[in-house]
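Engineer: One-letter residues, chain by chain:
Number of protein chains: 2
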Amino acid sequence: MDEIIEIINGTPIDIKRLHAIFAGMNPVDIAGLFEDMDKDSIGQVFRVLPKAIAAEVFAYIEPDEQQLIVENLTDKEISEIINKLFMDDTVDFIEEMPANVVKRVLQNVGVEKRKLINQILRYPEDSAGSVMTTEYINLGEDMTVAEAFDFIRKTGVNKETIYTSYVITPDRKLIGSLSAKTLMLAQPGERVSDIMEKNVIHTHTTDDQEMVAGLFKKYDLLSMPVVDNDDRLVGIVTVDDVLEIIEEESTEDIEIMGALQPSEEPYMKTGIIQLAKNRMLWLLVLMLSATVTGAVLSGFEDALAVLPILVIFIPMLMDTGGNAGSQSSTLIIRGMALGEIESKNLLEVLWKEVRIGFLCGIVLGFINFIRVYLMNGRNAVLAFAVTMSLFCTIIIAKMVGCMLPIVAKKIKVDPAIMAAPLITTIVDAASLLIYFSIAKLIFKI
Amino acid sequence: MDEIIEIINGTPIDIKRLHAIFAGMNPVDIAGLFEDMDKDSIGQVFRVLPKAIAAEVFAYIEPDEQQLIVENLTDKEISEIINKLFMDDTVDFIEEMPANVVKRVLQNVGVEKRKLINQILRYPEDSAGSVMTTEYINLGEDMTVAEAFDFIRKTGVNKETIYTSYVITPDRKLIGSLSAKTLMLAQPGERVSDIMEKNVIHTHTTDDQEMVAGLFKKYDLLSMPVVDNDDRLVGIVTVDDVLEIIEEESTEDIEIMGALQPSEEPYMKTGIIQLAKNRMLWLLVLMLSATVTGAVLSGFEDALAVLPILVIFIPMLMDTGGNAGSQSSTLIIRGMALGEIESKNLLEVLWKEVRIGFLCGIVLGFINFIRVYLMNGRNAVLAFAVTMSLFCTIIIAKMVGCMLPIVAKKIKVDPAIMAAPLITTIVDAASLLIYFSIAKLIFKI
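Chains A and B, in that order, are what the protein sequence lines are. Mapping of the first sequence onto my numbering: position 238 corresponds to residue 238, and the numbering continues sequentially without gaps. Mapping of the second sequence onto my numbering: position 331 corresponds to residue 331, and the numbering continues sequentially without gaps.
Careful, some of the hints might be misleading.
When chains are identical, the list treats them as one kind, so a pair holds in a single copy or across two.
[Said to hold, decoys possible] No farther apart than 25 Å at their CA atoms in a straight line, the calculated lysine to aspartate or glutamate pairs in the DMTMM-like style are these:
#1 Lys440 to Glu135
#2 Lys84 to Glu135
#3 Lys352 to Asp38
#4 Lys217 to Glu252
#5 Lys113 to Glu342
#6 Lys39 to Glu6
#7 Lys198 to Glu96
#8 Lys159 to Asp240
No lab work stands behind these hints, which were simulated from the structure alone.
I would like the entire structure built from these sequences, with the hints used as guidance.
Structural biologist: Listed below in structure tokens is the structure:
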């Protein structure tokens, strides 16, 4: 890194030595260098990259630095880079740029590519169409294996993957797929139509990316063709993008489960106003909901006046109820996201959770009884009242925690919303209601 | 499905018709059929599978059904299936079987394979060695492109991937990699050593699978070589396994964040005793910790006696504090898992969270003031006391929520533990301390 900067600052710049350094490096690592570079060097260093790898390196550079580079390039240089970028990387890049940069970039790409870019930008966010790329290999069904090989050799260098080719009719309808493995193991004279896989797992442009990721996982795919409404092949999704999709979807779920509005921006690069905005709505909703619990409490002010010691078990009951409920909702939400639990399992899950709540309630209740008894003046009646409340709270919490996510899914609401924060708020009110009802009954207040 | 069962039940079984059905299906989907089959049919149906696909189908069948099948097979049939399974699928299968099945399987595989299986089973859980497979293509550096092609054609059919070959010295040291793309685009007479990539991204047998997944994502890999302590090539990890690793690691984090002991078993297939066990420990720890909050409350019994209305704001303060804190910890934990936030960012993150807490505190405080004022007898002093407590609680919660995960990582504890449940418990005590201190000050109790 220091060596590179030193060479850049020398006059004349020792391009040979630079290229020797870059030749031994992975393009991803070269792209990584730009993150730590000072702003003035970024444009210079990018210019001296070997032409053969410049576009690939550019694809891996972070958006902020991409923008600095583009602002430093001539129209001709922009055109060279962008025309060599794969379509999915081009679209990712354009989506992150401000309007003036986008305009300049679009003016400097070919008509065909500009049309394609605009088309892909119109697909819904997180759809298969929005993550696909258009550099795939398509074969005709009448080709022989030898012809297919020749074709791949000629056109393959600019394709995102050459390991699966797609077989299409003259009007671009997808009719088969052919792996490079099958091709390599076949005889030169065989026909593509005889050895291709006819049962092609594919997706539609408007399908959700999470569904696409699920198919990759299920069928161990390296790439998947994307077809339009007329079943014409328009692009492919490759497995490297699926790795990101899977992580992105998990992050989104985790954020929603943490009472945050999900955001794709990394934390360190997001401003505090935006971060605060993403948190405000849920904090507000939950704060106002918690006043219900306050109202429950105020309804029992008389009981508290008679027996003030009741107040000290409130936090323990609320917290344990919240935790017991969010344990259940966490498992159910994740299980549904992974397709292991479905809406139709509601009753089975509920029955399971009731029994689990029973087991947890017994063990926790036992320990709680001893603790309350020993620490609060050996008052067995008080310890019994608290323990009974705890036991009931845990069972109710488990029931609420498992049911709400499943019900949410049934009414087409994201189950991840029904996670710890909301469950806690709901279970809070229930636990206090149970607690004071039991206390009033036992102490005859 | 019904058709298949019907054919199975016919005498004689119409094997031809069955094979025709299977030929049009993906092995993954055939494997899926076994899940809904009744126990008696499973063995029968598996036997009539075409030999060429039986092993592949077997790899995708769930462990419970795999066991039923193996119990129904002869030693010779077991040997045929297992010897055709890829090593990673073999190990996955063996890990799920009871001891008597494992013994029978190991007795029926070749000596070489048995040795390998035992070796892989000894690698630490979730290490690269434990997820790798051993069916890769290795080339010599002196081969020509034509020779390499021939070699791949001859041996490739039984390899998990033929799209990247690894170049090794005679004593198996890894010195290069060669993609099928490079091979296909090269001239037949070129030497492997001249066109191979020398800078091979690789991993060691004992490296953590999460690190391996990170490298796949960073470098967009389809497979990665695994070397032993002497840098000898011992296996490869393929991208299809990485998809599962990424999901598994996210699930583990989500479960830990939900106060659960993580488990790889799917919820629907886990018994209630095990599920209850996975929850008990944390419920207990948190229940006992919550008694600290109770102790704080009991220290303020005098204040509560003078001003009983104070009690009704306790749930709102505790919940909002818990939510504000867990929002921060959720983002930080996920950011650290994705490598976007590091321990060295502690101060920067802390300063960010303080300002976010300030913003959230202002907005929530304002709304809270109005609500308390209007709903509690237009008592401005009371509303002010509650609002000030809320404001301070939110800021403290944000600080605790962002610091604890980072500190956990520094002292090599899994940051995911510092999520909602623990943060809530800690912030609870803090919020009540703040609340009553402010109340005592303002009301001069």
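Engineer: Given identical chains, is lysine 159 near aspartate 240, meaning Cα to Cα at most 25 Å, within a copy, between copies, both, or neither?
Structural biologist: Classified as both: same-chain Cα gap 14 Å, cross-chain 21 Å, threshold 25 Å.
Engineer: Since the copies are identical, ignore which copy is meant and state whether lysine 39 and glutamate 6 lie within 25 Å (CA to CA) inside a copy, between copies, both or neither.
Structural biologist: within (15 Å within a copy, 71 Å between copies)
Engineer: Please work out whether the CA atoms of lysine 217 and glutamate 252 approach to 25 Å or closer within one copy, between two copies, in both situations, or in neither?
Structural biologist: Both: 19 Å inside a copy, 18 Å across copies.
Engineer: Using 25 Å as the alpha-carbon threshold, which applies to lysine 113 and glutamate 342: within, between, both, or neither?
Structural biologist: neither (42 Å within a copy, 39 Å between copies)
Engineer: Within a copy, between copies, both or neither: where do lysine 352 and aspartate 38 come within 25 Å Cα-Cα?
Structural biologist: Between copies only: 24 Å across chains, 58 Å inside a chain, cut-off 25 Å.
Engineer: Between copies, within a copy, both or neither: which fits lysine 84 and glutamate 135 at Cα up to 25 Å?
Structural biologist: For lysine 84 and glutamate 135, the Cα distance is within 25 Å only inside one copy (11 Å; across copies 35 Å).
Engineer: Under a CA distance limit of 25 Å, which applies to lysine 440 and glutamate 135: within one copy, between copies, both, or neither?
Structural biologist: Neither, since 72 Å and 70 Å both go past 25 Å.
Engineer: Since the copies are identical, ignore which copy is meant and state whether lysine 198 and glutamate 96 lie within 25 Å (CA to CA) inside a copy, between copies, both or neither.
Structural biologist: Result: close neither inside a copy nor across copies, 38 Å intra and 34 Å inter.
Checked against the numbered hints above, the structure violates hints 1, 5 and 7; every other hint is satisfied.
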